[in-house]
Structures are given as C-alpha cells and as structure tokens.
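Please model the complete structure; the sequences and the hints are all you need to start from.
There are 2 protein chains.
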Amino acid sequence: MIQTRLIPRTAEAQEPPMLIKTLLAQSLRYEPQREIVYRNLFRMNYVDFNRRVRQLANVLADSGVAPGDTVAVLDWDSHRYLECFFGVTSVGAILHTVNVRLSPAQILFTMNHANDKVVLIHEDFLPILTAIKSQLTTVENYIILSDKVYTGSTTINRLSDIPTDFLGEYEALLTNAPSEYDFPDFDENTWATSFYTTGTTGNPKGVYFSHRQLFMHTMGLLTYIIGYEAMPFRGSSDVYMPITPMFHVHAWGFPFLATMMSAKQVYPGRYEPELLLKLLITEEVTLSHCVPTILNMLVSSPAAEKYRENLSRWKVLIGGSALTKGLAKAATELGITVMSGYGMSETAPVMAVGYLNEQEKALPTADQLELRTRAGRISPFIDMRLMDDDGNFVPHDGHSLGEIVARGPWLTQGYYEDPERGADLWKGGWLHTGDVASVTPDNWVIIADRTKDVIKTGGEWVSSLDMEDVLSQVDGVAESAVVGLPDDRWGERPHALIVQKPGYTLTTEGVKANLQAKVERGELHKWYVPDRILFVPEIPKTSVGKIDKKRIRSEMKDLILGVQSA
Amino acid sequence: MIQTRLIPRTAEAQEPPMLIKTLLAQSLRYEPQREIVYRNLFRMNYVDFNRRVRQLANVLADSGVAPGDTVAVLDWDSHRYLECFFGVTSVGAILHTVNVRLSPAQILFTMNHANDKVVLIHEDFLPILTAIKSQLTTVENYIILSDKVYTGSTTINRLSDIPTDFLGEYEALLTNAPSEYDFPDFDENTWATSFYTTGTTGNPKGVYFSHRQLFMHTMGLLTYIIGYEAMPFRGSSDVYMPITPMFHVHAWGFPFLATMMSAKQVYPGRYEPELLLKLLITEEVTLSHCVPTILNMLVSSPAAEKYRENLSRWKVLIGGSALTKGLAKAATELGITVMSGYGMSETAPVMAVGYLNEQEKALPTADQLELRTRAGRISPFIDMRLMDDDGNFVPHDGHSLGEIVARGPWLTQGYYEDPERGADLWKGGWLHTGDVASVTPDNWVIIADRTKDVIKTGGEWVSSLDMEDVLSQVDGVAESAVVGLPDDRWGERPHALIVQKPGYTLTTEGVKANLQAKVERGELHKWYVPDRILFVPEIPKTSVGKIDKKRIRSEMKDLILGVQSA
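So the sequences go chain by chain: A and B. Residue 0 is where the first sequence starts when you use numbering that gives the first Met the number 0, and the numbers rise one by one after that. Residue 0 is where the second sequence starts when you use numbering that gives the first Met the number 0, and the numbers rise one by one after that.
Worth flagging that the hints you see were computed from the coordinates, not collected in a lab. No incorrect hints appear here.
Calculated pairs, SDA-like style, for lysine to any residue (alpha carbon to alpha carbon, straight line, at most 20 Å):
1) B:Lys426 <-> A:Pro7
2) A:Lys426 <-> B:Ala10
3) B:Lys451 <-> B:Thr541
4) B:Lys426 <-> A:Gln13
5) A:Lys426 <-> B:Ala12
6) B:Lys500 <-> B:Asn513
7) B:Lys360 <-> A:Arg233
8) B:Lys525 <-> B:Arg488
9) B:Lys426 <-> A:Pro15
10) A:Lys426 <-> B:Arg8
11) A:Lys426 <-> B:Pro7
12) B:Lys426 <-> A:Thr9
13) B:Lys314 <-> B:Asp366
Here it is, written out as structure tokens:
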C-alpha cells in the first residue's frame, strides 16, 4: 500500500459503516408489500419481516446474547433462518450456520469450537441434540423451531415437545417480544457469520465473514447477476427460491441480495421433490440455485414435462460440482435457463458465474451449452490468477494450467483458531483454492483438476480428469482412474486404472496404440499417455462415491502386484 | 459505535480496498468491445480506453504528479475527462474538476486554494488562463486538450497554438507514453476528487470525495437505477450520454457506473443543441441526465417531433432545479421517460431519484407525472431525515416540514480548509442541506423551500413557495413573492408582494377574502394567510433571475414605505 492523502474529516461528520442492517433497510424502502413464503405454511410481507427481525433481536437480548457472542442455528431453509441472517448479525452477534449433514460428533466439535451460546434448533434435529447435549461446553440457552405452530395442529404456547430446559418456541417468543429495536452502528469488520468445512483429514475448519465482506459479496452479485444480467435476476419480477441449504455458505449469498431488492422469496424447508416442484409452480419461482443432483432429480421427474410452461421461466445457477452437458441439455430442452457458478466455503462463495457476452448470446444453443457448463467467468471485484508450484503466475491463454488463487473483498481471512491451515490457505498473500484450471483470455474459468490430483510431469501439468475423459472415449473402457506416481526422470508420470466393459478384452498395448494415434493427430500431448495401464475389476471409491485417488496412489504398488499376481 | 468482535486475520491474508481502479477493472472483463464516443470526432472501445488511462498515468508521472498532488481539468464533457476520472485518481492523485462557468477571479481562487499542480486545459479556455496565469501560485505544468487532433486539420505534434511553456498536447503525450501501468493499492479513504460550490456569500467552498465514497455512490446508483430499475439503465442495451457537465459533481456519478458496466458512452463536448440531438439519434442514446432548461430546449426544438421515434427510447433524469409538470408532460408526449432526482455538490450528488413502485406504475400517466416531478424517493443507503430548529426529527407523514438532513456513505466530510462552514454543514452529526421538505411515509421527498426562506410562525413552518403557488391561482395575480418578517407574537409572519396582471385592480382585502375562503374550505392553513399584501410593479430578482428574498426581507420596510407613498 502506497502512502496517499486521506480526506480530512470535520469533527461531527459521519460516514456509516457497511453493515448487514444497511441491506435490511432497503427491503422496506420501495416494495415492502412483496412476500416471503415458507413452504405451504406461512407467508408475510417485508413490513412483517422487518418487525419480526427486530422482535428476534429482542428475544436474543433476553436470552443473554451480547455483541460478540455466537448464536447457532440448526434448521432447514426457512423464513426463520432468513430472520437470523439479519437479526443475529445486526445485534453484533455471530451467526453459526450449523451443517446438519455432519455426523453428531462433528456437529459437537463445531458447536464447541465456535463457542455457541444460544442455539435455535428445528425439532427434526432434536435427536442429534440429545446425542451430544451433555458434551456441549458453551451453550446457555436453547430455542425450538417448529412447523406445528403454522399448521394449527397446536397453539404456539402449548407445543408439547419443547424440552423443559428450553427458553421456548420461536414464534411464541417473537410474539411476546417488543417490535422496536434500534440496530446499533459498529465496525464493518465485525464478525457476522461462521460455518465449518470438512476435508479428507483433520477436524472441520471454521471459516468466517465480516459485515463488510457480506455487504461486498452482495454488491458483487448485484453487479453481475442484476447489472450484467448474468443469470439474470430482477427484483421487480423475479421470485427467488434457494435449493442449496442456507447453512451451506449462506445459500450462496442470494438471500442477502433478494432481501435488499425486496424480491419475493420462497423458502422450501426440508427438500422434498414434490413440494419443491409444487412451490416452483404455485409461487411462480423464477430463480434458484442448486447442485446438479437436485436439478437432475427435478428434470427427470415425470411431472417435469407436464409443467414445461412453468419451468420455462426458471433460471438455475448450478454449483457444488460440475454441470454435465447432458444435464444442461435436458434442462435447456425443458426451457430452463442453466448457468454454472464456482466458489467454495472459503470464498463466501461466489468467485465465478457463467456470463454470455453479446457475441456468445448469438451462438447456437449447442455452442452455448458448452459455455454454460464451464465453471463460469470471473466475478466482479474478484482478482483470480493461476499459479504454478514456484508461485509464478500462469498466463490466461485458455490451455495453460495452474492452481486457482484469488484475492477479493469477501474471502475468509483464515480458519478460526487454526493458524497453520490458515497460513497454508493464504500462503504468499493469495488464497489457494486447491483447484487446477485454465482461464481463457476472456475470463472463462475451466476447472481441470484438484491440485493434489494433477500430475506434474517434466514441468507440464496433466489433468487427471482430462486424461480420464480421453480414456472414456476408447472403445471398451467402462471407467478409468488416472493418478501421478513418482518418477526419477520426470518428477511424476501418469498411471491409469481401467475397468473394461463386459465382453471386451483390452490390452495395454492396444489402448496405448489408440492414444498414440491421437498424439500423432495432434489431439493429445504425448506426455499425457500413461506409463502404465492396469485393468481392474473396480475403481476404489470414497464413501461419497468419488474416485479415491489418495488410496489409489498409496496402494498403487500393492494393487499392481495384486493385479499382476491374480 | 458499540464494541463488537472483529474478524481475526491471518498474517498474509489480503482484503482489497474499494478503489476507483476496482470499477475500472470491470470495464474490461465482460464486454470490452463496447464503445466510448466523443462528438463526431473520436471513438474507441474499452480495450483502448483502459490502455489510454494507463498511458495517462505515465504522462502524469512524467509531469511530476505524485500521490496526494492535485491535477486540475478544464474541459467540456469528453472521453479525455473520463480518462482523468479514472487515471488521475488511480495513481493516488486528486482530480480537481474546475467549474469553467465561474468568473476568472473565482477560478483563480479555486485553483490556488486546491493547490493545483498540473493543469489539463481545453484550448477554448486559454483566454481564461491568460487572464489568471501570472497569479496561479502552485501550478508547475500545463497540458493542452485540443479537438483539432481528431479533425485532421493538424497533426498532433504540430499543434500551432500550444503555448511554449506547456508540456505538450494530450493525444501526443499519450501516444508517446508506455501503455503499461500497475495501479497501486492504497487506503480507500484516499482523497479522489475535489470541486467548488458557490453560495450567495463568501468564497467558493471546496467539497471532496474519497475512493470509497465514489465506489459506494456507484453501488447506490447500481442498486437503484439498475437493480430497482428506477430509470432504468441496463448496461447490456443502454447508451449513456451526460448532458450535465462533468465538472459538476462528477456528471452526477453516472460515468463511474457506465464505465463499470462497460456500457456504450457518448460524450458531447461543448453543448450545442444540434449536435446533442444528432448524437442522441445517430448513437442511439437511451439514458441522459440534465437540468430542466436543456430538456426544455430539446423538447421545444422543431426537430423533436421529427425524431419522435428516436426520442421514445430516451430516459432522462432531471435535477438541478425543479421539473415542472408542463415540461414533464411535453417530454412524456414525445415518448421520453422523465424522472426527477435530488442532490447537491456536498452529496456526490445523488440523495433521491424518482421510483414508481408496482402500484404507482399502474397509475394513469397524469397521476404518474405528479410523482415524476417530485424531488425523488430517498436513495439506497442514504439515511435522510427532516429536522426542526431544535434538532428534533419531524415525522415522515407527507405534510410536516423540516430541513432535510442526511447521513450516508458518500457525503463530503467538510469543506476544504474552511472549518467553520464545515462545522455548520455537519452540526449535530447530520449533513444540513438547507432545503426544507416533507417526506411521505413511502419515502417520496417533496421539496418545499430553502431553510432561509421558509417562514416559521407559531411553531409551524410555512413554505414561501407553496404560498406563492396559492397566490398564483388568484385571478389577476401575475407574480408574487412571499417572505417572513419578524413578529413579536408569532416569531415570524408571512408577507406578500404581488404584481398584478394588466387590467386588474386587486385589493388587499379582496385577495385576503379569496384566501380566507380557501381556509374555510380546508384547502389552506389559516396561518399561511399573509399579514400584509403589497402590490408592486415588479418583484426584485437576482442576477440569475431568481426572486431575491434576501433583498426583499432587508428592504421590506423601505419598500413598504415607498409603495405606500407612491
């Protein structure tokens, strides 16, 4: 940072910090009559919403929450969760969005690690709580969230299954709380949210974001999604429904944007395919985001064709894992607008979203599909680079590979109380994503591999995923896995495992000859051709079904011996 | 500000400041092929523009500009000015946008007061420079801006009329400068721009804005103009042409927004009605902002009807003075979309822009016109209040009057080296606008008067403008002026001057009876009725044609005596 001349300030002059309450204030200003809907159970407008957020602030104060304290939420996607996004943070407390998909032991770890003081928990998760409650070290108060109060099956003050040591039920507490609360000003670098990300080794890592970071993330989305119409999203006519959990990186930050724009919002609670489809149609949802699995489930549903007309107004941002061309095509044929995005827990999350420029919008649908399945174009305000092992930048030429590193206004500044892994994340002043990619001169990001799986051979980086894709095109190959193994001369060399289709008897020489022909036609770099090709009955997978390259590498020698002796 | 818990930061973690270069970077990212046009003389795309901004940075460095130095520009609206908006500020220097409409003596004052070190001046303003050059105390270098280099009437290196002590001509200097420049990071509170505002008394006052403030002003416009579609402006299809000088409050901040959105931009140079109209048509301009006088000039032009089809895509934001219903109607009938905005030099400037919500968009055109001529709805992120003389807030009920005071992320934090007037501006921690208004519960701002002209009687505020409007509806009244004069019982009481239409012989009693009838019908508060009504041959005016209420108040006694004895 160079020295410059700062603006002088008159003693009484004010310049407000960028806080989440600033976004909240917008929701009342222009279109306060628009609605926030929860399943088929509850609806309110933004006047109600703002009142409820203030009531929540009073409930939190009564339950002992002070600025700097942490409030944990365990809930499905709901209007209550949205109220916590704004209410918990705007009193100066920290919102811990607990990942309810973790094991009870991991949840216990995260809740103790985060120093959760007050816990808001949906009744569906009480069994988890029962299992860990005696070991929670910092919690002082519990509040239960129940849908029964909306169904009329019980009155809010007589919920039968509130554990006796709970402060009460959310709706009842809100109803009894004052509706005025003057949200204070404070430093915009105040800690606003926290959640945990799991890796293959070690304890979950806590990432965290400030008010300023979430404000700026909202401005980034606004610039891109609304300004450049990357999706596009219009507060004036769009209806938003998240289908990515709110505990997962703030539902990609869209609830903050949708609230600032006072857009109609629909929160689907626990994801049930039939209800999701019903809400999509009856509430006229136009914008969502989800992982490919959810999109696939909806697109494959027998009901989809019936609702073609309704689906044709639906725009879906896909992230979490790669959008395949097949799924993109199927969705597009139903009239759905799909686009990919790229980010991670550490990046709040948006770092790239697909955007078709004027020339690309004129392309035939098939050509557009290829673009829509790319990871995206670099987001506004994000400074993304590709870096090689020596810390040098790799050119954005569309083919050179490097690890994606980034700087930007909304990246976690470390892992909570985990200085070593935090220092690794920010080594050299750039956030290291662990993803290997190429970037085109016009800012398209094409993910190639994870850094730990990319094969570094003779100064070149070989994408194991690309090589698997090439092998999948060889006649008779059912599945393959490519890993790098140490090599005295080249550093590393690729090695492949292949599962054959029934009825085929492939040979190493035959497959290599096939690949060599591609090399001679200029379709493949010669250093991509694996040194060794082994035929196996199945590829080792992790518990979530991903190819277990770590295990393959570590067991490669045994595996080779095993296969050779079989 | 309450104490909260700030996010912890890993040693090497980075979080970039909000700088004007951040906006500039967006212009290259998605649609770099879009054009920036200067009159019928010059056009380039955003790739050229970004290169030229960097060449300018190198020229500035060569001319001795260091961070913290001030660079003055005297130019019409041009692509060069836009390059200075980004280039001067991004090297850490301060851009002084000199108001070329001030008298040479005032220009001299502002240039010395601002410590201008390097001056970029259009050849049209050389006569002004000649008059003041010997008295400029801080200027070290001059660069000339000439349109002749674009017309082919001369080559850029042989401009005949460059004064010999000038560094050179802008285009020639750019062409010879390196096209690489790495804009540094620095504190976002770095001083970016400065300009001077004149009042009825004292020297011009210097207002100033930081990088952060201009970034946030851009985000405010983005939220409102593009997000809420207050105008609406779409980077993807809109073409922007300012018709408010760039030296006047950054052309209302739109050049920053348009550049960030890589929208096509058209800069008209010196305002010439025929060229403006020609550019509007041939460049397919869709968005502008101007004062009512300019809109009136274009709407009244005989050519307007001929270009109805072209004008129907034109959206115009009106500010500077009130948009009358008559002008709004005439423009609307030509298919032009008009909307009012409100702000001042001290506020960067936007504090309110008209926005029709869902219900109002459904109103008949005539009802919409009334809304479109209001000062606007409070802008995103601006905290606007009405304050009485005791510093208490006045309710936003649509009729109670108070002085508009504000806080927000882009308000000048004082007047440069003028602590007394700066302290007055920010008295009590709110920026005092000197405007009296009412605000409706749904955030419409209706300007009533200037604070110095509002009449404070028995605890009530009477708008002199409203009372003049009532008088104008009395048969036989050609013009009127209402001022407050001291009153022992009520503090102040309204007094009126009236100019009669030819052929009428109005009496005080007759006019008062007319007003009393309105009071009895509930159309007028009784305390609005002037204590004294005087008939005069003409109303005293200032040199720019405004009613001179200061003079009327101070001379009221003499005037009364003079009239009575006549």
